[in-house]
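Here the protein sequences come in this chain order: A and B. Here my numbering = 1-based position in the first sequence + 128. Here my numbering = 1-based position in the second sequence + 8.
Note that these hints are calculated values from the structure, not bench results. Yeah, the Cβ is synthetic: ideal placement off N, Cα and C, and Gly gets one too. One should not assume that every hint holds.
Claimed, not checked - Here are the in silico distance ranges between beta carbons for each label pair:
no.: 1; chain 1: A; residue 1: Ser358; chain 2: B; residue 2: Glu282; range: 46 to 54 Å
no.: 2; chain 1: B; residue 1: Leu65; chain 2: A; residue 2: Pro320; range: 30 to 38 Å
no.: 3; chain 1: B; residue 1: Leu65; chain 2: A; residue 2: Ile315; range: 28 to 36 Å
no.: 4; chain 1: A; residue 1: Lys216; chain 2: B; residue 2: Tyr231; range: 56 to 64 Å
no.: 5; chain 1: A; residue 1: Val249; chain 2: B; residue 2: Ile134; range: 26 to 34 Å
no.: 6; chain 1: A; residue 1: Tyr398; chain 2: B; residue 2: Asp206; range: 51 to 59 Å
no.: 7; chain 1: B; residue 1: Gly202; chain 2: A; residue 2: Tyr197; range: 30 to 38 Å
no.: 8; chain 1: A; residue 1: Phe468; chain 2: B; residue 2: Leu65; range: 23 to 31 Å
no.: 9; chain 1: A; residue 1: Gly189; chain 2: B; residue 2: Asn204; range: 26 to 34 Å
no.: 10; chain 1: B; residue 1: Asn204; chain 2: A; residue 2: Asp141; range: 33 to 41 Å
no.: 11; chain 1: B; residue 1: Ile294; chain 2: A; residue 2: Phe468; range: 43 to 51 Å
no.: 12; chain 1: A; residue 1: Tyr197; chain 2: B; residue 2: Arg299; range: 46 to 54 Å
To be verified - Within a straight-line C-alpha distance of at most 20 Å, the following computed DMTMM-like cross-link-like pairs (lysine to aspartate or glutamate) qualify:
no.: 13; chain 1: B; residue 1: Lys306; chain 2: B; residue 2: Glu192
no.: 14; chain 1: B; residue 1: Lys306; chain 2: B; residue 2: Asp194
no.: 15; chain 1: A; residue 1: Lys413; chain 2: A; residue 2: Glu424
no.: 16; chain 1: B; residue 1: Lys133; chain 2: A; residue 2: Glu472
no.: 17; chain 1: B; residue 1: Lys133; chain 2: B; residue 2: Asp235
no.: 18; chain 1: B; residue 1: Lys284; chain 2: A; residue 2: Glu472
no.: 19; chain 1: B; residue 1: Lys133; chain 2: A; residue 2: Glu162
no.: 20; chain 1: B; residue 1: Lys306; chain 2: A; residue 2: Asp327
no.: 21; chain 1: B; residue 1: Lys181; chain 2: B; residue 2: Glu192
no.: 22; chain 1: A; residue 1: Lys219; chain 2: A; residue 2: Glu424
Said to hold, decoys possible - If you want the footprint, here are the derived chain A segments under chain B, 3+ residues with CB under 8 Å:
no.: 23; stretch: 171 to 179
no.: 24; stretch: 334 to 344
no.: 25; stretch: 440 to 448
no.: 26; stretch: 483 to 492
no.: 27; stretch: 518 to 529
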Amino acid sequence: MSSKKNFSLIIKDLIFTGLIATVLLIPIVGFRTEISTVDSTGLTFNYNFIIAFFVVAFVVGVRFLFHIYWFSKIQKKPQENSEKNKKKFLKKLNFYLGAAAAVIAFTLPFMPFANRYIVDVATLVLTYVMLGWGLNIVVGLAGLLDLGYVAFFAVGAYSYALLATTFDLSFWICLPLAGILAAFTGILLGFPVLRLRGDYLAIVTLGFGEIIRLILLNWYEFTGGPDGISRIPRPSFFGFPFARKSEDTTFHELFGLEYSTMHRIIFLYYLILILALITNFFTMKIRNLPVGRAWEALREDETACRAIGINPTNTKLTAFAIGAMFGGFAGSFFATRQGFVSPESFTFIESAIILAIVVLGGMGSQIGVVIASILLIGSTELFRELEQFRMLAFGLAMIIIMIVKPRGLLANREPSILLNKKNE
Amino acid sequence: MEYFLQQLINSLTLGSIYGLIAIGYTMVYGIIGMINFAHGDVFMIGSFVSLIAMVLLGVGTGAFLPLVLLIVLLAAILVTSVYGWTLERVAYRPLRGSFRLAALITALGASIFLQNFVQVSQGAKIKPIQPIIQGGFTFFENGSMVVSFSYLQIFIIIITVILLSIFSYIISKTPLGRSQRACEQDLTMSKLLGINVDRTISITFIIGASLASVAGMMFVLYYGVIDFFIGFLTGIKAFTAAVLGGIGSIPGAVIGGLLIGLIETFWSAYFTIEYKDVAVFGILVIVLIFRPYGILGKPEVEKV
Numbered sequence: 129m130s131s132k133k134n135f136s137l138i139i140k141d142l143i144f145t146g147l148i149a150t151v152l153l154i155p156i157v158g159f160r161t162e163i164s165t166v167d168s169t170g171l172t173f174n175y176n177f178i179i180a181f182f183v184v185a186f187v188v189g190v191r192f193l194f195h196i197y198w199f200s201k202i203q204k205k206p207q208e209n210s211e212k213n214k215k216k217f218l219k220k221l222n223f224y225l226g227a228a229a230a231v232i233a234f235t236l237p238f239m240p241f242a243n244r245y246i247v248d249v250a251t252l253v254l255t256y257v258m259l260g261w262g263l264n265i266v267v268g269l270a271g272l273l274d275l276g277y278v279a280f281f282a283v284g285a286y287s288y289a290l291l292a293t294t295f296d297l298s299f300w301i302c303l304p305l306a307g308i309l310a311a312f313t314g315i316l317l318g319f320p321v322l323r324l325r326g327d328y329l330a331i332v333t334l335g336f337g338e339i340i341r342l343i344l345l346n347w348y349e350f351t352g353g354p355d356g357i358s359r360i361p362r363p364s365f366f367g368f369p370f371a372r373k374s375e376d377t378t379f380h381e382l383f384g385l386e387y388s389t390m391h392r393i394i395f396l397y398y399l400i401l402i403l404a405l406i407t408n409f410f411t412m413k414i415r416n417l418p419v420g421r422a423w424e425a426l427r428e429d430e431t432a433c434r435a436i437g438i439n440p441t442n443t444k445l446t447a448f449a450i451g452a453m454f455g456g457f458a459g460s461f462f463a464t465r466q467g468f469v470s471p472e473s474f475t476f477i478e479s480a481i482i483l484a485i486v487v488l489g490g491m492g493s494q495i496g497v498v499i500a501s502i503l504l505i506g507s508t509e510l511f512r513e514l515e516q517f518r519m520l521a522f523g524l525a526m527i528i529i530m531i532v533k534p535r536g537l538l539a540n541r542e543p544s545i546l547l548n549k550k551n552e
Numbered sequence: 009m010e011y012f013l014q015q016l017i018n019s020l021t022l023g024s025i026y027g028l029i030a031i032g033y034t035m036v037y038g039i040i041g042m043i044n045f046a047h048g049d050v051f052m053i054g055s056f057v058s059l060i061a062m063v064l065l066g067v068g069t070g071a072f073l074p075l076v077l078l079i080v081l082l083a084a085i086l087v088t089s090v091y092g093w094t095l096e097r098v099a100y101r102p103l104r105g106s107f108r109l110a111a112l113i114t115a116l117g118a119s120i121f122l123q124n125f126v127q128v129s130q131g132a133k134i135k136p137i138q139p140i141i142q143g144g145f146t147f148f149e150n151g152s153m154v155v156s157f158s159y160l161q162i163f164i165i166i167i168t169v170i171l172l173s174i175f176s177y178i179i180s181k182t183p184l185g186r187s188q189r190a191c192e193q194d195l196t197m198s199k200l201l202g203i204n205v206d207r208t209i210s211i212t213f214i215i216g217a218s219l220a221s222v223a224g225m226m227f228v229l230y231y232g233v234i235d236f237f238i239g240f241l242t243g244i245k246a247f248t249a250a251v252l253g254g255i256g257s258i259p260g261a262v263i264g265g266l267l268i269g270l271i272e273t274f275w276s277a278y279f280t281i282e283y284k285d286v287a288v289f290g291i292l293v294i295v296l297i298f299r300p301y302g303i304l305g306k307p308e309v310e311k312v
């Protein structure tokens, strides 16, 4: 009897879903406005009712599957799992996943299936991993919601581009300079606003991100405006360029290899891998230092921190500056890899993606950032041909992952150091 | 002086649009304490629905204009409020009471989704529409300087005033408004006192989306050009307006919207148009440093 009742409820719900989907989809999908070819000023319609109908049917179908899934879930008994075992398991998982990821990362370019495309995608994923780890210091450890992280990425990229093109400095000199400049920008921006809390800080950092992008876009004499800066020198292997022929000894001559364009790509891959690992190593170490512990304490309770004599502004400022520095490193890597920078690469959507990687991975979890980057960047990169649908799926994935796992894939909010408990 | 007056009128129009969107941000923030990042895109949906309705009804082909505009307005409100409702139901309700950043991420995801949804279904090209309401009053002329108040600007300001009065009546006098204010003060307590919190929050989203859709229609009429990306910058500026006025405060949102309109218009008029957004965000930063809770907001007292 109850299943019959359930059935009629489900039917009602499906009809309701269908109605809602119709209202949502028919106007926007059904009537595609096009600039009319007759008089070129008015708009005409391209009717897409069949597509709209299929999308409505699809939505209803998904809702139906959801009902079946939900129904079968109730039948099952919830699995008992003690918290402690779960935590131990997670810790072990973290370790093994980390080790496996490192091994795969180091051997990837020499795998038989690794072609240029795969190494390129892996490099892109690693860039986001590094940015995610950098932002993890600010958001995951210090608990400061930064929606303008891409500003530091931009500062790093433009610093490298300008230093390398005007002063002809090598990559290895520009890299630390770009990091330092980004860190200074972080301090400069952070100093007035870090007194603010939560969402106010978020909107101000968002504002700063936009301000920096607009300045890059409009200060034509300095940054080249919308044209950006091109012909940024490529990195060399510690002074040995990657070229078929050069006045200096080239890379392939040094090692007696056949010339191949893959050399530079593999070198760039290892470069970002090592930069990212440095970020990771730094974060792991600093978590155990007083300043790292102060960040975590501040994230948990700012008032208590004040009471025990931690200066919140300075502590936040260090987190902001260090996060910015790694953003700057990643930025200069980005500039040297692309050979070209323009304000288009540093829009708000980038900040949102980096933040999504940190939160989806589980705030404070280092390996979570890697998984989230592979999921979001790697998998959407595979669908490059479906350019428009790629970002559509990206937005949907963000919503679904968050609803299924609100704390992120691998949440880690445990304090890095605990006093030994008496009971243990 | 004439130039100044003209800019004042322009800024009032722009400020009305920002104010209407800002109310949506501030109400949601007041009740569930989250930044509804997708609200700007709900506004964008509103503008697209109005555009489609206008083309469908053949605006400018001799039909009776006020009636047509009324139908467009109602269609935009209807469809967009369903969008607002669905957004809350699908993306925010499952996460209510969960970890705070999670809702922010779904909001960002919803924003990306809506933008790309419109891009896929309507195309990435900008959509122009011919001016619909033309003409206006001329206050006075002084040589080459003319101060005029176009019918369009009058229309926008009058609609804003009407909507705001209906809205403030709902908030202050009706049972719905009472339960909304109760939820704003204490969600758990309102639940205990028998207020249907889920329903109240849904209605909040519906009201927010309706006001945003009206702003979207005004945007189409005022600028005559829209694309799938207008929601982002307009939304951010409207949110800035809400923060400026004191987030959670409804009169604050309107005042904030007018201020943002003022800053933007005057900066473009007297300084450089390229840096008008820099000016808006710059002023936001300055206000927040000296008055972190906005103009009409109440300072949060933190209890331990």
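Which constraints among the numbered hints does this structure fail? Numbers only, ascending. 1, 2, 3, 8, 10, 11, 25
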